[in-house]
Amino acid sequence: MNDDGIGIRDYDWWLVAIILAICAFGVVEIWSATHAGHLAGMHVKQMWWIAVGLAFMLLLSRLDYHSVLDKAPILYLIGIIALLAVLAMGHTRYGAKRWLPVMGEFLQVSEIAKLIIIVSLARFFSDVRTERLSITDLCKAAVLTAVPIGLILLQPDLGTAMVLIPVVAVGAYLAGIQWKHAAVMVLAAALMVPIGWHHLKPYQKDRVTTFLRPEEDPKGSGYQILQSKIAVGSGGFWGKGLGHGSQNQLGFVPVRYSDFILAALAEELGFAGVFVTLVLYTALLLRLIQNAQHAKDRAGMFLVMGVAAILAFHVLVNVAMVIGFMPVTGIPLPLMSYGGSAMLFVFLALGLVMNVRLRRFVN
Amino acid sequence: MSLWFQNENRLPQMRLTVISYTVVGLMALLLLGFWKLQIVNSDRYTQLAERNRVRSIPIIAPRGSMLDRYGRVIVDNYPSFSVLLLRDDPQQVERLLPQIADGLNLTLEDVQQQLEAATSLAHFQPIVIKPEATPGDRDFIESHRADIPVLEMLMVYRRRYPSGGFMAHVSGYVGEVSSDQIEESGGRYRPGDIVGKAGLERQYNDHLMGVDGMRRSVVNSVGREVGRLEQTDAVPGKPIRLTIDYDLQLVAEEALVGKRGAVVAIEPKTGEVLAMAGQPSYDPNDFAVRISKEEWQQLNENPERPLLDRAIQAQLAPGSVFKILMATAMLESKAVPADYHVFCPGSAAFYGRVFHDWEAKGHGEVDLHKAIVHSCDVFFYNLGKQLGIDRISFYAGNLGLGHKTGVDLPGEETGVVPSEAWKQRVFHQKWYPGETISVAIGQGAVAVTPIQLAYMLSGITMGGRFHQPHLLLSDKPAPEIDFPISDSTVDTVTEGMYGVVNEPGGTAGASKLPGIELCGKTGSAQVISEEGLKRAGKKAELKDNAWFVGFAPRQHPDIVVSALVQGGGHGGVAAAPIARAVIKAYYDKKQGKIPPQELTTQAVPPGIPPSFAAEAARSNKPDAGAEETVPTNPDPVPTKPQPVSTTPRPTPPPTLNP
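Residue numbers (the working numbering), protein chains in the order written: chain A, 243 to 605; chain B, 3 to 660.
Since the hints were derived computationally from the structure, they do not count as laboratory data. Please note that a few of the clues may not be correct.
[Unchecked claim] With beta-carbon atoms standing in for the labels, derived distance ranges: (1) 290(A) / 217(B): 38 to 46 Å; (2) 180(B) / 447(A): 41 to 49 Å; (3) 227(B) / 262(A): 38 to 46 Å; (4) 521(A) / 42(B): 15 to 23 Å; (5) 228(B) / 290(A): 24 to 32 Å; (6) 384(A) / 147(B): 54 to 62 Å; (7) 20(B) / 388(A): 22 to 30 Å; (8) 262(A) / 217(B): 45 to 53 Å; (9) 430(A) / 231(B): 55 to 63 Å; (10) 185(B) / 334(A): 55 to 63 Å; (11) 228(B) / 262(A): 28 to 36 Å.
[As the list claims (entries may be wrong)] Here are the simulated lysine to any residue pairs, SDA-like style, with alpha carbons at most 25 Å apart: (12) 199(B) / 262(B); (13) 382(A) / 13(B); (14) 447(A) / 96(B); (15) 538(A) / 23(B); (16) 447(A) / 92(B).
[Claimed, not checked] Some chain A residues flagged as far from chain B (calculated, every beta-carbon gap over 10 Å): (17) 252; (18) 286; (19) 294; (20) 322; (21) 326; (22) 329; (23) 341; (24) 426; (25) 429; (26) 485; (27) 572; (28) 581.
The beta-carbon is built from N, C-alpha and C at its ideal position, and this holds for glycine as well.
For reference, chain A alone in the conformation it holds in the complex (with noise of 0.2 Å):
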């Protein structure tokens, strides 16, 4: 495939820093929240999964986005399947179906279901010639979306299903969307929350009910709320030191080392740290943006910036509920929080984005 002119030098090397700055931040407090209990090492297979990310990422970096593109439809029904595979058949771990095994790792499928709707909203919204997005395309976008959504909420995994609707609010956004469409598009939203309410599992209501009103129950849904925002305020400017973090090292934060990683750093590190990770992810997100801006059509635009959608919201999400801002949402940080598929995942959509670059002169 050497055969399209590609150089070394053209690939984005600022991106691939930013990104493995990013990884070694987590991989380090990884380490720290568990190198002392009988979770240690796991450091050490987060440093596989980013070694494997970047293999993965490289590879499809090769694949021209357009072939890959060509294969949405194809690739829309196969992730479909998936889905309903998991409902089917799928690995039962802390009440929900989201593991499908394969090649003896656990796979989470919605992981690849994230990558599938980007490429084929991607697909779906470059499509679209008008200038402004009409009434029917929005309904058929909306409706490509809903049917992954709808099958992932039955596993049930409300956070994810809800990482899908940012790439399709971009892609609308982008693709020219109308203020009076986008204005009832919100209204029918709202109006779903009561109904939507009825059907959520009671551990989603109590997250939701004590992110509302915390104080009402200090120890039982709020727990793991209040044990954050206590990591990260006890924390102070300078932090407490890596592996000096009471609250961490204690285990008083929750899922340290993945969903609340950036809770057990704010502990450590401090307001300094918290600092420069959150300048890393900007400048991730910003420099996503830029490739997004100097993609050579509408298709690589779609795309970058479907994974920009995708990443700024597991961003923001998650650090938002690390200080409080936001209810318990199991979204972990990307590039920082421990776990092979959410790795994997984030690699390849970075490798979708570094195709779109590599790619903006020729053809």
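Following the hints, complete the assembly by docking chain B onto the known chain A.
For chain B alone, kept in the frame of chain A given last:
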């Protein structure tokens, strides 16, 4: 490959830029959130984090013990375990409560009540849910460390008092500090502290009470201890050494068994209280753990009033014992000549009313000495009329009545010394001269406490030097009030009191102590007036209160004893033997006739067992009076006390200056 993508290359740059700014804006907002938590509110969260990781468990300081004048342990502590409930996680506690109640043999309601009572305390402060843990409870806690992590054993020291109410009114008892006390203490007491509630425990609480320490350890999120932080050791309370002589106390307690009354023995030269007992009593051990509401109510409502410390709180008419004061007043005031005498026909009329003598036959011609020895009422009726109430009141006030003696016990009563002004103040009525006649024989409005009588007599025999009675042994002399009384007065009065015991016809002739110059005065005070008695129509229940005050030897006495038996009848019969027993024991001990009791609190027998008195009586009879001289140096200190106490005892048992 289809070429669907090739015809549209215009990108919505503007909208992409908007998205960039949105991202930066949201990130800045989040960073602001971190700023607020980590910089603005950092202190608060640091505190919360500390509270999370640190568990503080108090280390209870043992209270100082109480020793008798020779260092024998009367009150000490024993180690015990309480069950602590850690309440850091209310939900967990709530969930485990039934299991906890079941395992500790408590009712669920009881545990819940205790939890509710503690809601005002900070969450991290553990509460005691079972004060006295049984070995079974300890096993339960140990074996459920993993699944019931909210229970903890707390080593505490419980007060151990002599059983059966021995010296209970003097020692007092301890209990959980009340909210009023916390407020008064100005921060020295904290909720849950054990403080003295009555008696010496209360009087010298600050000295006896130690300072609790604190063990701080690091716990993880499931409550398991993972490390130790600093530990503040407890500072044990200091012991107090009392003036009480356990041997005399034992005799006094024994003599009172089954009666209602009190005994106070004072060393007149110093004001040291050698023995002080009251009955009915209560068992302070009942208070040491946690007294139930019912028990408390029962003690409070008991008609026998066991909580009343009769030695300092029973305010009763002194009856004929008051004649000592009348005699002193007569001689000191010189209102009548020293050879003043009257004829006693068995009754006399004053102000149109007939006043009877206790001896209906009359005593014939009576002078002061005879009047004391025979306790002639008519003589003192006349004397009273001569002196007048205000002169009587003046001397009573100066000889220790009508005000607190200042003994170092809380709750002492003042008694009543009536006067014209007093009646005007209290009843807004004029004093009737006829009332003076009653007061002259210690009836009517006059009321005294047993310790006041001992104090008064001490002062008179010491020629007017009144040493403040005290229970805390001290190197420094006690505060002293001087109201000089002439030697001749002292001689005449003590001579009369010697006669009461030793002359034929003396009202306490049965109490003679061979070889010891026992002097005394009996009193049989009517509980209500004779007219009232007739109206009530039931003599038995309203028998006279029996009094006896005595001392020995006649000059410069070593010991003064006042004894009261409520409803005991005649003082010479009911009260004199009690005082006599104490004084006899005092000299028996001095002369080495009885071995001092080896004493640890564990050895204090239940109730007041007979051993000592019986033994003393046996060993004493044959050679009584063999030794007339009383050794002047204080008796040899008994063998060193071996307190069976697990508390580390601070080495030198010091004395405290009140």
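Here's how the hints hold up against the structure:
The given range of 38 to 46 Å is respected by residue 290(A) and residue 217(B), whose C-beta atoms sit roughly 45 Å from each other. For the pair residue 180(B) and residue 447(A), the supplied restraint of 41 to 49 Å holds, since their beta-carbon distance comes to about 46 Å. Distance hint check for residue 227(B) and residue 262(A): the Cβ-Cβ separation is about 41 Å, which falls inside the suggested range of 38 to 46 Å. A hinted range of 15 to 23 Å for the beta carbons of residue 521(A) and residue 42(B) is consistent with their spacing of about 20 Å.
Take residue 228(B) and residue 290(A): their Cβ atoms lie about 30 Å apart, and the range 24 to 32 Å holds. Separated by about 56 Å at the C-beta atoms, residue 384(A) and residue 147(B) satisfy the suggested range of 54 to 62 Å. Range check, residue 20(B) to residue 388(A): Cβ separation about 26 Å, and the 22 to 30 Å hint holds. Between residue 262(A) and residue 217(B) the CB atoms are about 47 Å apart, so this pair conforms to the stated range of 45 to 53 Å.
Between residue 430(A) and residue 231(B) the C-beta distance comes to about 57 Å, which sits within the given range of 55 to 63 Å. Checked against the hint of 55 to 63 Å, the C-beta distance between residue 185(B) and residue 334(A) comes to roughly 60 Å, which is consistent with it. For residue 228(B) and residue 262(A), the Cβ-Cβ distance of about 35 Å falls inside the hinted range of 28 to 36 Å, so the restraint holds. About 23 Å separates the Cα atoms of residue 199(B) and residue 262(B), which keeps this hinted pair within 25 Å; it holds.
Taking the CA atoms of residue 382(A) and residue 13(B), the gap is near 22 Å; set against the 25 Å cutoff, the hint holds. A distance of roughly 22 Å separates the Cα atoms of residue 447(A) and residue 96(B); the hinted pair therefore holds under the 25 Å criterion. Of the supplied pair hints, the one linking residue 538(A) and residue 23(B) holds, its CA atoms being roughly 22 Å apart against a limit of 25 Å. Between residue 447(A) and residue 92(B) the CA atoms are separated by roughly 21 Å; this keeps the pair inside 25 Å, and the hint holds.
Taking the minimum C-beta to C-beta distance to chain B, about 20 Å, the non-interface status of residue 252(A) holds against the 10 Å cut. With a closest Cβ-Cβ approach of about 24 Å to chain B, residue 286(A) is found to remain outside the 10 Å limit, as its non-interface label requires. Residue 294(A), annotated as away from the interface, keeps every beta carbon of chain B farther than 10 Å; the closest lies near 28 Å. Interface exclusion of residue 322(A) from chain B stands, the closest Cβ pair being 22 Å apart, more than 10 Å.
Every CB of chain B is more than 10 Å from the CB of residue 326(A) (nearest about 28 Å), matching its label as outside the interface. Once the 10 Å rule is applied to beta carbons, residue 329(A) is consistent with being away from chain B; the minimum gap is 33 Å. Against the 10 Å criterion, residue 341(A) stays outside the reach of chain B, whose nearest CB is about 27 Å from its own CB. No Cβ of chain B comes within 10 Å of the Cβ of residue 426(A); the nearest lies about 19 Å off, and the non-interface call holds.
Remark: the non-interface label on residue 429(A) is consistent with the geometry, its nearest Cβ contact in chain B lying 21 Å away (cut-off 10 Å). With a closest Cβ-Cβ approach of about 14 Å to chain B, residue 485(A) is found to remain outside the 10 Å limit, as its non-interface label requires. Distance check for residue 572(A) against chain B: the nearest CB is about 19 Å away, which clears 10 Å, and the non-interface claim stands. Listed as a non-interface residue, residue 581(A) keeps its Cβ farther than 10 Å from every Cβ of chain B; the least gap is roughly 22 Å.
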